[in-house]
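Whenever a hint applies, use it, and build me the whole structure from the sequences.
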Amino acid sequence: MEVRALSHSITRRYSIQGLWSLFLMCAFPLHLWAMILIFRDMSWVIERTNVWDAIGVGSYGMIRAFAESVVVFVIFSVLGFLTPANWMIDRRIAFLSLLVILLSAWGMIAQLLFLWNVSPPESVLRFLAESGHPVRIMIAASLAIVTPTILVPVFLFLRWDKVVGSIQELSERLSLLTMFYLIFDLAGLVIVLIRNL
Amino acid sequence: MKNAITRRDFLKLAGALPLGYATSRLTRPFKSTSALQEQSKNIIVIVFDALSAHDISLYGYERGTTPNLARLAKRAIKYHNHFAGGNYTTPGTASLLTGVLPWTHRAINLNGKVTPPFIDQNIFSAFNEYYRIAYTHNGFANTLLTQFANDIDEIIPRESLFIKTYDTLISTLFKNDEDIASISWIRNMKVNEEGSAYSLFLSHLYEALQEKRIEDLKPLFPRGLPTISQVNPYLLETAIDTVGKRLPETPQPFAGYFHFMPPHHPYRTTTEFFNAFRDDGFKSPEKPPEILARRIITQTSLSRMRTEYDEFILYCDREFGRLYDQLESSGILDNSWLVLTSDHGEMFERGIAGHGTKVLYQPVIRIPLLIFEPGRTEGTDVYDLTSAVDVLPTLAHVTGQDAPVWSEGRILPPFMPSSSDRGIYAVQAIDNDPNSTLTQASVSIVRENYKLHYYFGYDEVSGEEIVKLFDIRSDPEEMTDLAFSKKSTASDLLNEIKAKLAEADEPYLR
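In the order they appear, the protein sequences are chains A and B. Under my numbering, the first sequence has 109 at position 109, and the numbering climbs by one with no breaks. Under my numbering, the second sequence has 1276 at position 276, and the numbering climbs by one with no breaks.
In short, the hints are calculated from the structure, not lab data. Even glycine gets a Cβ: it sits at the ideal position worked out from N, Cα and C. One thing to keep in mind: the hints can contain errors.
With a straight-line Cα cutoff of 25 Å, these simulated DMTMM-like cross-link-like pairs (lysine to aspartate or glutamate) come out [said to hold, decoys possible]: (1) B:1175 with B:1207; (2) A:162 with A:172; (3) B:1113 with A:47; (4) B:1175 with A:41; (5) B:1113 with A:53; (6) B:1175 with A:47; (7) B:1218 with B:1193; (8) B:1283 with B:1272; (9) B:1283 with B:1062; (10) B:1218 with B:1237; (11) B:1175 with B:1120; (12) B:1113 with B:1505; (13) B:1498 with B:1464; (14) B:1175 with A:53; (15) B:1500 with B:1459.
Okay, the calculated bits of chain A under chain B, using three or more residues with CB under 8 Å as the criterion [unchecked claim]: (16) 34-45; (17) 50-61; (18) 68-76; (19) 97-110; (20) 191-197.
Below you can see the structure in the form of structure tokens.
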């Protein structure tokens, strides 16, 4: 009985097509970032070992990206149950996709700041050092910057259907590209298996 | 054809079966009372990875990095001009273990393996009447031990002495590709250490879990826990205690090889030695940037790294002192030859830090060698030029065996009279096919007080040859290149290197 209730609850909120679309949206930023860094590291690894090892490093990265995509997909799918039950399935998928994109963007920005060697101005650092609570201030400042960048798009999403349509369109366009990434994952799996024979 | 069941396979089976267990127990007392035990002393070889003689106070370094070695060396034979066979783990360790130079054993690539004849011609096969036991933290050295496994009675599993963390999973899961899997794991997950990671979300979760797991130990290591190339944290104390407890229980005579990771990078010393040399006024001589450097590191960074390295050496020194004391109090040293050495050095000059370099300056190839003879109460200083390839024939000689015929080394003084009629070589050929002639390599030769560097085939100099000559007795820091002012000496040494290279390449000419 409970299984049936659960199944009913899932089918009311999601369709197979919708879940697949959400999975692809979860996989896209994770794979994109992994591939950017894999290509960035390629010459470093080749210089120290060889091309085959560099491909190996990338292959493990792709498998991890796939696994992480599954984990993120599951988490967001569960989060989807917190959205209003009267939402259309497509709207829910679009909303969750928006959240994935925003969080991934911040994940990338945080790392890019390091890679591009961006640090706060000297005066800010001095202020932090003299404040006595540098960590607390940094957390508060980060929240002050990040929170609006999440809340504003969410507000726009809830307010205008045009935004929903844009997200759906973006999702469709990225799907094909993400399918290619999944093919790379498969190739990565084969390479890892060969390397471990 | 290879035997269906090797001796090692049999030992593995014996460990797995109750009957085998009983059998091995029964055979041990028999083995220990054999006639061999009456004559033969045990052998213990201790290797600290990347320990440069240049940074050891016992060898004249300004900073007091080795107070324990100084204490113990009063009973040891100290070799002051000892050289590694190569400038990183694979060739350096393979030369120590096989008694031949890298151009002969051909373990020249990163994580490379020795060429087939040396799978059965190594320190373990030379002591085939002994119980042979080995351990290493280092993955590259482990590759070699695995290659020699048929001649080793017991290899202590590498992971068994790591701190149990989630990183261990990678070593276990991808055993056959551990090195690359670990590199990828670092790049995928170590967002805090690397600043960036392939993983956007899981890396943060992973680091948080990992931090929690090693929380208790973190205060003891202000620069972070020592790790094997940033995965698999370990405590040197654990390895030292394991060896210290294990050897007195090991069937005798035994030949033990123990290769510890420190002071290899990352240089993470304990609180006891943290900042021991900070602002101590020490200044390394400034040297011109090296043309073959991958990228030039500033002098300030080099000085900081060297300070951290020196503080890490203090940790090694303390732990070696502890091991020595444990072995001495157990009585094992009364009946054992103890060797302390390294596989290669480490450098912090000319814009280069570490040892993954093409150059062969003194800090990266001059390593310590101390031999503790059973019963010796006085120290001896040996200033002859000696090589890592000499260790195997010397150990064979002092334990009453013939020096292995394949070895390119010599029996060291004082066990044989000194002689200065040979050059001491170090070889770096990481980018070559081990089964072909060497086309891009670095070779150094030291003869009497001169050292010649020979570099060929490198893109940085459009494939041109580089030759440098130094008088290392009057100029130990290798500051003044004499290749032009002492042309005939340079030419003689260069011809000697080229003749040796041709000889080493001969089997690979197609």
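Can you confirm whether the C-alpha distance between residue 1500 of chain B and residue 1459 of chain B stays at or below 25 Å? 23 Å, holds
Straight-line Cα separation of residue 162 of chain A and residue 172 of chain A no greater than 25 Å? 15 Å, holds
Going straight from one Cα to the other, do residue 1218 of chain B and residue 1193 of chain B come out at no more than 25 Å? 14 Å, holds
Do the alpha carbons of residue 1175 of chain B and residue 1207 of chain B lie within 25 Å of each other, as the hint requires? 23 Å, holds
Closer than 8 Å Cβ to Cβ for three or more residues is the test here. Does the segment 34-45 of chain A pass it with chain B? holds (count 5)
Does residue 53 of chain A lie within 25 Å of residue 1113 of chain B when you go C-alpha to C-alpha? Holds, at roughly 16 Å.
25 Å limit on alpha-carbon distance, applied to hinted pair residue 1175 of chain B and residue 41 of chain A: With Cα atoms ~23 Å apart, residue 1175 of chain B and residue 41 of chain A stay inside 25 Å; holds.
Restraint check for residue 1113 of chain B with residue 1505 of chain B, where alpha carbons must lie at most 25 Å apart: Holds, because 17 Å separates the two Cα atoms, which is no more than 25 Å.
Does residue 1175 of chain B pair with residue 47 of chain A here, judged by a C-alpha cut-off of 25 Å? Within the cut-off at roughly 24 Å; holds.
At a Cβ distance under 8 Å, does chain B reach at least three residues of the segment 191-197 of chain A? holds (count 4)
Given pair status - residue 1120 of chain B, residue 1175 of chain B, alpha carbons within 25 Å: Since the Cα atoms of residue 1175 of chain B and residue 1120 of chain B sit roughly 23 Å apart, the hinted pair holds (cutoff 25 Å).
Hey, residue 1175 of chain B versus residue 53 of chain A, does the alpha-carbon distance stay inside 25 Å? 15 Å, holds
Consistency with the previously given hints is maintained throughout, with no hint failing.
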